[in-house]
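These protein sequence lines map, in sequence, to chains S and G.
Sequential numbering from 1373 applies to the first sequence in our numbering.
Sequential numbering from 33 applies to the second sequence in our numbering.
Worth flagging that the hints you see were computed from the coordinates, not collected in a lab.
These numbers were taken from a predicted model, which means no experiment stands behind them.
Just to be clear, a hint being listed does not mean it is correct.
[What the hints assert, rightly or not] Each computed EDC-like pair below joins lysine to aspartate or glutamate, with the alpha-carbon atoms no more than 16 Å apart:
| # | chain 1 | residue 1 | chain 2 | residue 2 |
| --- | --- | --- | --- | --- |
| 1 | S | K1374 | G | E76 |
| 2 | S | K1401 | S | E1439 |
| 3 | S | K1472 | G | D186 |
| 4 | S | K1577 | S | E1652 |
| 5 | S | K1401 | S | E1388 |
| 6 | S | K1472 | G | E76 |
| 7 | S | K1374 | G | E64 |
| 8 | G | K151 | S | E1453 |
| 9 | G | K151 | S | E1455 |
[What the hints assert, rightly or not] Quick look at which bits of chain G chain S covers, simulated, 3 or more residues with Cβ under 8 Å:
| # | segment |
| --- | --- |
| 10 | 45-56 |
| 11 | 74-83 |
| 12 | 177-185 |
Glycine included, every Cβ here is placed at the ideal spot set by N, Cα and C.
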Amino acid sequence: MKPAPFEYLRAATLEEAVAALSASDGAAKLVAGGQSLIPMLNFRLVDAPLFVDINGIQGLSGITENENGGLRIGALTRHFELETSHLVRDHYPVINEAMKYVAHLAIRNRGTIGGSLSHADPAAELPAISVLLDAEIIAIGQEGERRIAAGDFFEAPLTTSLRATEIVTAVELPGLPIGTGWGFEEFSQRRGDYAVAGVAATMTKDDGDLTDVRIAVFGAHGTPLRAHRAEQAMRERGITAAAEALRLEIDPSDDLRGSADYRRHLAGVLCKRALDAATERAA
Amino acid sequence: MTEKVSISITVNGTQHCVEVEPRLLLADFIRENLDLTGTHVGCEHGICGACTILINGDSVRSCLTLAVQADGAEIETVESLGDAEELGPLQQAFRDHHALQCGFCTPGMLMTATDMLRKYPLESDDDIRDGLSGNICRCTGYQHIVAAVRAARDERDRG
């Protein structure tokens, strides 16, 4: 057995899970899909006296339309469901494309959107998608429910503004204007590996004039980043300027998969491709 | 010593009601407790794919699942596909196409391919390679594994 010993609670309700986290003063940890947590347990990089399993809590999974033309995605929704959901494909084809890059089938069968956001890997796709689409992350804790804008959620690598006793229950995405174009570009050494860098973009036009552009970058910064300066450069001076602005806006790090300089260059290339694709698709 | 948890797991059609430590990985439960050593353990952190099994029909890394999390589940391991006397169709395709050398990755390849063949059209070799990208083989160079899955896809599509 690789993980260190721990106690295990299979929570039947959110109230029970919140109470268990609170009773441990935040020392207990949640487990859902476990696809990032269990590797860390096996390496003994994570240790907690108690793991609270939320997989059995009813009502935490599934994808539904909300009143503002967008979608509400339950925290326990598995990646495979996102990948194959017609609602997701119709509302956010950019998510559908992103899912092709998320790990491998066996991981997507088990991993959850709530887990991916809470884990906050800066190279992961779904955190970047959440900042791209101005998602709101809904969490419940002792003081009740809280809605956190994706832009305020990711603070540092593997660090969010979630409190240790809070549980993500759902993600809400506002609807995109009809005819919104999109692009999603990622480079990794092997399909399904962590991104060396990636860029997602959406673009809205009115009578051929650009009315809205959004750019999010991942794998090339300490957090998933909404690149506001690159967006401004796109609005004012076009795609090449946006790619240049993005290179200056990010702060990539060196690791085995690539140097910071390489990532900076790559992010610019991917930004250009994503914006080209979004321009092409914007009606 | 942590408190043991009672679980009931059905593996290849046989139900097992046992008490396990929460930290016991499903891969170790299958190998050590049930003596089903067809499921191989390679990296033990979800990279190599050798330990892939099916939980309620979905392929899952058994090294990234706790045995307690499989309580109530139906599990299929490579032993469910067939045996030496009577190979299953996918196993036969692997044999026909020389899709294994040392055999270490093969159980994971077979279980991954089983799920891929159920879920995806696998129209091109690129699709097959994408599907197999989570399983590492250090012998074959993958060509013959792709050929075996292609043959299994053709057989599936012929109905």
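For each hint, the structure was consulted:
1. K1374(S) to E76(G): Holds: K1374(S) and E76(G) sit about 9 Å apart, inside 16 Å.
2. K1401(S) to E1439(S): Violated. K1401(S) to E1439(S) sits at ~33 Å, over the 16 Å cutoff.
3. K1472(S) to D186(G): Violated, at about 23 Å.
4. K1577(S) to E1652(S): holds (11 Å)
5. K1401(S) to E1388(S): holds (13 Å)
6. K1472(S) to E76(G): violated (24 Å)
7. K1374(S) to E64(G): holds (14 Å)
8. K151(G) to E1453(S): holds (12 Å)
9. K151(G) to E1455(S): Judged against 16 Å, a Cα distance of about 12 Å means the pair holds.
10. 45-56: holds (count 4)
11. 74-83: holds (count 4)
12. 177-185: violated (count 0)
Violated hints for the displayed structure, listed by number in ascending order: 2, 3, 6, 12.
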